[in-house]
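**Student:** So you can see what is in the structure, the chains are spelled out below.
4 protein chains.
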Amino acid sequence: MDFEYSPKVVDLQSRLATFMQERVLPAEAIAAEQLASRPDRWDAPPIMADLKASAKRQGLWNLFLPESGGAGLTNLEYAPLAELTGWSPAIAPEALNCSAPDTGNMELLARYGTPDQKQQWLTPLLDGEIRSCFSMTEPDAAGSDANNVRLEIAADGDEWVLTGRKWWTTAALRDDCRVAMVMGVTDPDAPAGARHSIVLVPMDTAGLTVVRSTSVLGFDDRHEGGHGELVYDGVRVPKGNLLGPRGKGFAVAQARLGPGRIHHCMRLIGTAERAIALMTARARTRVAFGRPLAEEGVVQATVADARIAVDAARLTVLRAAWRMDAEGAKAARHDIAAAKVLVPSTVKKVVDDAIQIFGGAGLSQDTPLAMLYAHARFLQIADGPDQVHRRSLARAEFAAAPVLREVRG
Amino acid sequence: MDFEYSPKVVDLQSRLATFMQERVLPAEAIAAEQLASRPDRWDAPPIMADLKASAKRQGLWNLFLPESGGAGLTNLEYAPLAELTGWSPAIAPEALNCSAPDTGNMELLARYGTPDQKQQWLTPLLDGEIRSCFSMTEPDAAGSDANNVRLEIAADGDEWVLTGRKWWTTAALRDDCRVAMVMGVTDPDAPAGARHSIVLVPMDTAGLTVVRSTSVLGFDDRHEGGHGELVYDGVRVPKGNLLGPRGKGFAVAQARLGPGRIHHCMRLIGTAERAIALMTARARTRVAFGRPLAEEGVVQATVADARIAVDAARLTVLRAAWRMDAEGAKAARHDIAAAKVLVPSTVKKVVDDAIQIFGGAGLSQDTPLAMLYAHARFLQIADGPDQVHRRSLARAEFAAAPVLREVRG
Amino acid sequence: MDFEYSPKVVDLQSRLATFMQERVLPAEAIAAEQLASRPDRWDAPPIMADLKASAKRQGLWNLFLPESGGAGLTNLEYAPLAELTGWSPAIAPEALNCSAPDTGNMELLARYGTPDQKQQWLTPLLDGEIRSCFSMTEPDAAGSDANNVRLEIAADGDEWVLTGRKWWTTAALRDDCRVAMVMGVTDPDAPAGARHSIVLVPMDTAGLTVVRSTSVLGFDDRHEGGHGELVYDGVRVPKGNLLGPRGKGFAVAQARLGPGRIHHCMRLIGTAERAIALMTARARTRVAFGRPLAEEGVVQATVADARIAVDAARLTVLRAAWRMDAEGAKAARHDIAAAKVLVPSTVKKVVDDAIQIFGGAGLSQDTPLAMLYAHARFLQIADGPDQVHRRSLARAEFAAAPVLREVRG
Amino acid sequence: MDFEYSPKVVDLQSRLATFMQERVLPAEAIAAEQLASRPDRWDAPPIMADLKASAKRQGLWNLFLPESGGAGLTNLEYAPLAELTGWSPAIAPEALNCSAPDTGNMELLARYGTPDQKQQWLTPLLDGEIRSCFSMTEPDAAGSDANNVRLEIAADGDEWVLTGRKWWTTAALRDDCRVAMVMGVTDPDAPAGARHSIVLVPMDTAGLTVVRSTSVLGFDDRHEGGHGELVYDGVRVPKGNLLGPRGKGFAVAQARLGPGRIHHCMRLIGTAERAIALMTARARTRVAFGRPLAEEGVVQATVADARIAVDAARLTVLRAAWRMDAEGAKAARHDIAAAKVLVPSTVKKVVDDAIQIFGGAGLSQDTPLAMLYAHARFLQIADGPDQVHRRSLARAEFAAAPVLREVRG
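Protein chains in written order, with this note's numbering: chain A, 9 to 417; chain B, 9 to 417; chain C, 9 to 417; chain D, 9 to 417.
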């Protein structure tokens, strides 16, 4: 057992921290201004292209991907780097080509894609030339229960015909979003677990309409291309657009959801670190009743509890990443679930406490805190709400033999 | 001791509930659409004029004001009515001419205004023809410590000259906002407690600029005229614009802050009731894993805890209102402070729980929950952050003699 | 609506406060010493007889009982008096003949007892000459589900024959405990709700053995006669010992459980007040790092939150008491359930916070806090665990129509 | 970075688990009975001698001590073994000669003891032939502020003369407790930080009286020799009994407090594991409303949250142990403080939740839960209350430079 990052990771951390400090953080205000000046457009702010070029040049590109085409990092090595990007979740992940939902989509293509699919979609995704989305959640069904997914994918000759409605399809409104991975029912009469499949649908296919974007606590999340509500009205794609085995849609999706969840958690740790950095900076300088807030016992308790909670949450994430590397995502699923429950709620509280120390400024556009809060809150629901993960964790616990058997009672 | 509302209140509740059901709730979507269709304007949505006319006709107007010109209700009588308006805080209070900050401003004018001031500002405010704002918080000073207020109000011949910067001046961006009540320093050399005064500044006075609006968790609060940041750059008004005694600005402001805080709390109770109504409706109809959410133990516990907490919070508000009626706002200040700490945090939690039961829809524009959440969160900071009220409550407790004296230890 | 206690109540409060201050609080140390000096005995400490005589003389006797033989107080009138006894829950309730489980038992006898039963048991109970116990919970069945009660009460000629095991039969070990009210199955083949009955069993009946007492967080609760585990091994009593209608045991028991629960809650409010009195006294005098704890922000926040929470909890109790008076215990069952969930958890936290302010002394025998904590914790389980009350509250909420109907979503 | 225990640790874990399962857990009921049968005695239950002999034979002895005479384990290696002993904190630590306060005392003697002191006290302590106590906290001074310690240690010729009063001196009532390490003021006129020293006082020295034991939430903690209140009335010991440098008492004590705190935390993790083992066993078997508690959503959420919290707390402890090994106890002081705040509160909640799932049995002597609860609660106060550790953590955070510097606000 050892809690030290490897020299390779320390080197990458150092280079990425410099990039964050010199390029990403100063870009936040510029990007916000660029987005604000074009309220009707959903493309990336122009500065993003510069950031991406710079990251690529510096080898800070596709760090997430263990497979060929990526940086070849383990999950455990990637974790502290993803954390750094979480200081600026609206900009840094995309600048490094490590943003959701593309990362998960690239993992799916790398693992399940045919050579054609890889050439058409994976290559430009890895190059950062296009974006993609993952279209699974449906407005008329509880997202907590995946079996509810009911979009119809009917076979018709050489084609699949998709009919249904999805929402919370993040990035779907981006101009450069070119392909959706769509979960639906190909085999309605098969047993549960064998009914669903995933097909690739180019965003410009006839019959596919992005009808609107849903907001998150007042934010339109335009920086990430919003959260699209998509109508599939007889959308036709070739049979060859099936991604992975027919009827195995959920098994295929799991391969992206596990890593996707832990990536979110990695970044959220950095988000919490930023909140701590903000609250301590504020507390050191803001004076009320004749002394800095930093000397108030309540502020001290808040800061201490934040430090304790964030460090414990980070260790939970790192252990899950380590288990994924050692035993695979499936064996690590309970570690991932634990992180998925613990981290968003922890970070949400830390950011909320930072807001309270700031007062009105914390809620406003003058600090990143409001946006960070909305993001943490969103992740208590996205990728499986807390309650679903709690249930699976409890079942694992009931099934496990305790280390020692009780001899009393 | 008696927990029954009086017949007079029950009658008003019934009439107001009908108005809320038939006029206000259906207007929400219309108002949202009207605001969305004019993203550059800060005036009220056109439907507001109809609602105001209708409320006025039905005698549901100025219910907040005990003094002449108002409905003559006590605080205790007003509480359950304000609660009903809290179901739709973006629309109902203004429709009934009971919205902050106008209510507090009208109370100040009614109590401290000269006949001229009353004629010029109070009469049109009571008629709902204009709006007003209260300009106190400053960006460079901790709002928790009122002594930090430093905007300069210099005497110069027959005029006051205002120089400084304010923010969080709610409603300042509204087209129909005509007057600001501005707190500043008239007597910098006087002892603490005698330095500050309030002057009335027409919004179109030269030198007064509204430079921007601050947002709250992603919401621009356009429905209430935003939260203005105002630059006072040598703004000149006649000496006669002093409101209340010179050097007594804080004492005068307290006369509006106490009722203002408790009015916010009254409405928040209704906000929480709406969240409960939404979560129970959702839980009854939404099916996951083969049964309605309403049959899930975790959902049941959430609903039960919400009911318990909201009822206890309401009683806390009602008791404060009763004490204000019986002994005055000053004697009731600790009851008000208790409500101000308890109610926003309680309602914030209830709304957050409702969001979790809804999932993504709860965070989005498809339910009122996200906006209600932002509003409850805002009130943990506005009108004095929780920590300030806790301190004053603790001091009162340390100063009080317990009912019985400890004989041990 | 009115939050003022009536003059009658204020007078009783004043007299009872004097009794508490002059007689009860000074008796605590004496009673503890008397109990400690006789570790093998389970009778009341000798000083109890003096206290009872004194209370009786002063008319502070049987205050709990609205019926003839009691003080004729409503629940709402009794609440603030019961609260005062909660400052010293180990002594005051018994001194005033208002202690559980006797109060509930006396209510059952007053309402359901035959003239013979009343003469034999109710009269001496009202006179404070004997104690009684209520024997319902069984070790082999979840107490949360009353249908699990399975002690057999077989009809055999003119007699009932009881066979089974009970525990948590509070007061059963007291020397002066003379009668148990025993819930069991008389009609195993009847439909649910018609199987159980209550019979009166004198404690000296052959076949009835008190095998031990269970402790609560390390306390043996000897002051209240412990919590007996009772074996009923073919215990025979006359058929005339049936209390209330045959097969209606649960309905009969409800008549004692509702008031019993709210009485516990009333007293717990006083328990919390004592914790606040203790923590503020400590904080005013204890110095750390050069200043009294009372000047520490964390201590202030703790005290303020305690005050807010206890006042809200008290109002919840009072409203339940008012509803019981106005509409009966059944109509008030959700108000009672709300109090039963809210109050013990609130008081537990307040006492725990007081312990933390005291440090080691708070956990030890040097303050009443440890015992008060155990008592509050016990009441999260006794008389129905929190989870059962939450479920019934949630069901009521799902069944209720909200004040306003949602028009969106 | 690596989360795998070393083969050496895995082997020791396996052997210790067997010892716990076969010897310690079955001894709990026996020890409890032995203690109960001799209520006036404060010695170890007779079965302890057998357990100690057995542990010694199996090489499970003095595992805590890295120095010569101990097992030579690092803190990180010791952590999972101490955790196993925490399943039975009343028996296992003493059986393995790893119980507080002896472990810290042995560390002090090993590091600061003269050869004579080592021979007289360290050798028999390492052999488990005697016990010892550490006498620091005083009843008249806030334990949170060590500078308050005021027991006088006056030089008089060749002797020290001790005058003062201590309490919470754990183990002082044990018959086999032979020596106290006493913190007091040797140099009242020296600057703060140079006034206090530690002297060794044999328990049978004239003038030293153990006047009583303080209890913890109703438990007398007789198994560990209680918590003694000690009067030092002119107690004389030779000058040679000074332990460590004169005037450096706090620096010396820190050398025991750091490891002592983390040892408590290690064991508490095992305590929480036992609570989880108990609650899951109960939930699998207990039926209410027709199905096992394990199928109730609220119970599942409780179990899941316990698992998440305990794993995160364990990682926090392990990281602190790793840092102690890598950089020393002083460099690791903030990691230790974080564990000291996080672990007892986490374990307290987990045990409390287990109690609620058990109902009455959980509060009683029928499960270990009540005792485990009292122990976890005690550790929120012992060895420095939470608030002190929070303050030092916050100061460290304010002093630290964040990883990235904020460029906004």
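Calculated directly from the structure, the hints in this document are not laboratory data. Backbone N, C-alpha and C define an ideal beta-carbon position, used for all residues, glycine too. Be a bit skeptical, because a hint or two may be false.
Straight-line alpha carbon distances no greater than 27 Å define the calculated DSS-like cross-link-like pairs of lysine-lysine that follow [said to hold, decoys possible]: (1) Lys357(C) - Lys357(D); (2) Lys64(A) - Lys126(A); (3) Lys60(A) - Lys16(A); (4) Lys247(D) - Lys64(D); (5) Lys338(C) - Lys256(C); (6) Lys16(B) - Lys64(B); (7) Lys357(D) - Lys256(D); (8) Lys64(A) - Lys16(A); (9) Lys64(D) - Lys16(D); (10) Lys126(B) - Lys256(B); (11) Lys357(C) - Lys256(C); (12) Lys357(A) - Lys126(C); (13) Lys60(C) - Lys16(C); (14) Lys256(B) - Lys357(B); (15) Lys357(A) - Lys126(D); (16) Lys357(A) - Lys256(B); (17) Lys357(B) - Lys357(D); (18) Lys357(B) - Lys60(C).
Residues from chain C shown here face chain D by an in silico Cβ test under 8 Å; the list is partial [claimed, not checked]: (19) Thr222; (20) Gly226; (21) Asp241; (22) Thr293; (23) Arg294; (24) Trp330; (25) Gly368; (26) Ile389; (27) Gln395.
**Student:** Each hint needs a verdict: does it hold in this structure or not?
**Tutor:** These are the hints, each one checked on the structure:
{"no.": "1", "hint": "Lys357(C) - Lys357(D)", "verdict": "12 Å, holds"}
{"no.": "2", "hint": "Lys64(A) - Lys126(A)", "verdict": "21 Å, holds"}
{"no.": "3", "hint": "Lys60(A) - Lys16(A)", "verdict": "22 Å, holds"}
{"no.": "4", "hint": "Lys247(D) - Lys64(D)", "verdict": "35 Å, violated"}
{"no.": "5", "hint": "Lys338(C) - Lys256(C)", "verdict": "15 Å, holds"}
{"no.": "6", "hint": "Lys16(B) - Lys64(B)", "verdict": "18 Å, holds"}
{"no.": "7", "hint": "Lys357(D) - Lys256(D)", "verdict": "38 Å, violated"}
{"no.": "8", "hint": "Lys64(A) - Lys16(A)", "verdict": "18 Å, holds"}
{"no.": "9", "hint": "Lys64(D) - Lys16(D)", "verdict": "18 Å, holds"}
{"no.": "10", "hint": "Lys126(B) - Lys256(B)", "verdict": "19 Å, holds"}
{"no.": "11", "hint": "Lys357(C) - Lys256(C)", "verdict": "38 Å, violated"}
{"no.": "12", "hint": "Lys357(A) - Lys126(C)", "verdict": "59 Å, violated"}
{"no.": "13", "hint": "Lys60(C) - Lys16(C)", "verdict": "22 Å, holds"}
{"no.": "14", "hint": "Lys256(B) - Lys357(B)", "verdict": "38 Å, violated"}
{"no.": "15", "hint": "Lys357(A) - Lys126(D)", "verdict": "50 Å, violated"}
{"no.": "16", "hint": "Lys357(A) - Lys256(B)", "verdict": "39 Å, violated"}
{"no.": "17", "hint": "Lys357(B) - Lys357(D)", "verdict": "21 Å, holds"}
{"no.": "18", "hint": "Lys357(B) - Lys60(C)", "verdict": "47 Å, violated"}
{"no.": "19", "hint": "Thr222", "verdict": "4 Å, holds"}
{"no.": "20", "hint": "Gly226", "verdict": "3 Å, holds"}
{"no.": "21", "hint": "Asp241", "verdict": "21 Å, violated"}
{"no.": "22", "hint": "Thr293", "verdict": "11 Å, violated"}
{"no.": "23", "hint": "Arg294", "verdict": "6 Å, holds"}
{"no.": "24", "hint": "Trp330", "verdict": "30 Å, violated"}
{"no.": "25", "hint": "Gly368", "verdict": "5 Å, holds"}
{"no.": "26", "hint": "Ile389", "verdict": "5 Å, holds"}
{"no.": "27", "hint": "Gln395", "verdict": "6 Å, holds"}
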